[in-house]
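Here the sequence shown is numbered in our numbering, starting from 5 and rising by one per residue.
FYI, nobody ran anything at the bench for these hints, they're computed from the structure.
Hints should not be assumed to be uniformly reliable.
Cβ-Cβ distance ranges computed for the label pairs, FRET-style [said to hold, decoys possible]: (1) 64 x 23: 32 to 42 Å; (2) 25 x 84: 34 to 44 Å; (3) 90 x 40: 16 to 26 Å; (4) 87 x 25: 45 to 55 Å; (5) 26 x 89: 38 to 48 Å; (6) 37 x 85: 16 to 26 Å; (7) 24 x 88: 38 to 48 Å; (8) 64 x 29: 28 to 38 Å; (9) 104 x 62: 17 to 27 Å.
Using N, Cα and C, we set each Cβ at its ideal position, and we do this for glycine too.
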Amino acid sequence: VDLSQRWTSHEPADALKTLPLTVTEAIRGLLLDLEEAFGALLVGRVMALLAAARGGLTDGDILFCLSQDPQILEHVRAQFQLQDAPPRLPPMVWLRVRRAL
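Required output: the full structure, derived from the provided sequences and hints.
As structure tokens, then:
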């Protein structure tokens with residue numbers, strides 16, 4: 005659905021040939037786009053948390069879990085060019101990833 009929202013009326017017909025042919029290809033493309041936007045480490049950890057949670061996780065649960073991971077905090081420090089790693093994952097980082105999902 006998100007792909008169709010990006011189409012414009014002046015989109016050349018050849019652009020439609022790049023659409024994924026299967027659901028697997030569409031999901032793979034979504035994950036690659038997320039990794040490009042947020043980094044493979046953060047996207048991998050978020051997807052692992054979502055897959056491991058049978059009953060779902062609240063935003064607070066995900067923020068807590070991600071905040072316990074020093075690699076994630078270092079990734080955020082580097083991505084936002086902070087002097088020190090934040091003590092917790094900033095909620096806006098998770099909200100941006102969640103919105104992109």
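Structure-based check of all given hints:
Residue 64 and residue 23 have their C-beta atoms about 37 Å apart, which keeps the hinted 32 to 42 Å range intact. For residue 25 and residue 84, the Cβ-Cβ distance of about 37 Å falls inside the hinted range of 34 to 44 Å, so the restraint holds. Between residue 90 and residue 40 the beta carbons are some 23 Å apart, a value that agrees with the proposed interval 16 to 26 Å. Roughly 47 Å separates the CB atoms of residue 87 and residue 25, a value that falls within the hinted 45 to 55 Å.
Between residue 26 and residue 89 the CB atoms are about 39 Å apart, so this pair conforms to the stated range of 38 to 48 Å. The supplied range of 16 to 26 Å is met by residue 37 and residue 85, whose beta-carbon atoms lie about 23 Å from each other. Checking the proposed 38 to 48 Å range against residue 24 and residue 88 shows it holds: the Cβ atoms sit about 41 Å from each other. Range check, residue 64 to residue 29: Cβ separation about 34 Å, and the 28 to 38 Å hint holds.
The hinted window of 17 to 27 Å between residue 104 and residue 62 holds, with their beta carbons roughly 19 Å apart.
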